[in-house]
Amino acid sequence: RKEVEQDPGPFNVPEGATVAFNCTYSNSASQSFFWYRQDCRKEPKLLMSVYSSGNEDGRFTAQLNRASQYISLLIRDSKLSDSATYLCVGLSGGSYIPTFGRGTSLIVHP
Amino acid sequence: SAVISQKPSRDICQRGTSLTIQCQVDSQVTMMFWYRQQPGQSLTLIATANQGSEATYESGFVIDKFPISRPNLTFSTLTVSNMSPEDSSIYLCSVGDSHEPQHFGDGTRLSIL
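Residue numbers (our numbering), protein chains in the order written: chain A, 314 to 423; chain B, 1431 to 1543.
No lab work stands behind these hints: they were computed from the structure. Incorrect hints may have been included.
[As the list claims (entries may be wrong)] Now the stretches of chain B that chain A is said to cover, found in silico as 3 or more residues with beta-carbon under 8 Å:
(1) 1467-1477
(2) 1514-1527
(3) 1535-1543
[Stated by the list, open to error] Straight line, CA to CA, 27 Å or less: simulated BS3-like cross-link-like pairs of lysine-lysine:
(4) A:LYS392 / A:LYS355
(5) B:LYS1437 / A:LYS355
(6) B:LYS1495 / B:LYS1437
(7) A:LYS355 / B:LYS1495
(8) A:LYS358 / B:LYS1437
[Claimed, not checked] Every beta carbon over 12 Å from chain A, so not counted as near; a handful from chain B, in silico:
(9) PRO1438
(10) ILE1442
(11) SER1448
(12) PRO1497
C-beta atoms are modelled at their ideal positions from N, C-alpha and C, and glycine is treated no differently.
Please work from the sequences and hints to get the whole structure.
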């Protein structure tokens, strides 16, 4: 079983919609979590870090639920430019090597 | 965050040949990594490039196939040796540190004919 699991989607939503992705992790030693965005045939780029207290950056909100071992990403007022693959990433304490989820594909249509 | 430059950005190669990918960082970094991402898949770590010593390879990857150099704290190379069509992939270098997110170079898109 993969340590970080995501629904690959695709999630097909209209512009302006609110969409949420969940990601579950199996390694309870994971301490740091991140969401990356990857456009087609481009490198992953850090979108935001995820904290237990929640983290909001404009239209994007990330949450960590340690009890249930999942991370969420909420995108409000979706834009066409939000279309991409969103990668969930976990990092264990003291480790330099993160575990990447397979990614969730988002398609925002007019 | 560090600026990471990879080259070449893409290449088309004949099977049986080898290609060396370069990764240059604009500042000294402790940890450098090489990943592979095959179409429709997530990132797979090939190895950790260690400065001044042999790279640490992940299960399924060996030095003979993917030799890595790390001569200093700002530069690393990955060679894909004796290439076959199965090696067609995006190869990415990244830098990172404990508890910190990794940052990636813009990748090398490799196609093997």
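Outcome of the hint check:
no.: 1; hint: 1467-1477; in the structure: holds (count 4)
no.: 2; hint: 1514-1527; in the structure: holds (count 4)
no.: 3; hint: 1535-1543; in the structure: holds (count 4)
no.: 4; hint: A:LYS392 / A:LYS355; in the structure: holds, 19 Å
no.: 5; hint: B:LYS1437 / A:LYS355; in the structure: holds, 14 Å
no.: 6; hint: B:LYS1495 / B:LYS1437; in the structure: holds, 19 Å
no.: 7; hint: A:LYS355 / B:LYS1495; in the structure: holds, 25 Å
no.: 8; hint: A:LYS358 / B:LYS1437; in the structure: holds, 18 Å
no.: 9; hint: PRO1438; in the structure: holds, 14 Å
no.: 10; hint: ILE1442; in the structure: holds, 15 Å
no.: 11; hint: SER1448; in the structure: holds, 23 Å
no.: 12; hint: PRO1497; in the structure: holds, 20 Å
In this structure, none of the earlier numbered hints is contradicted; all agree with it.
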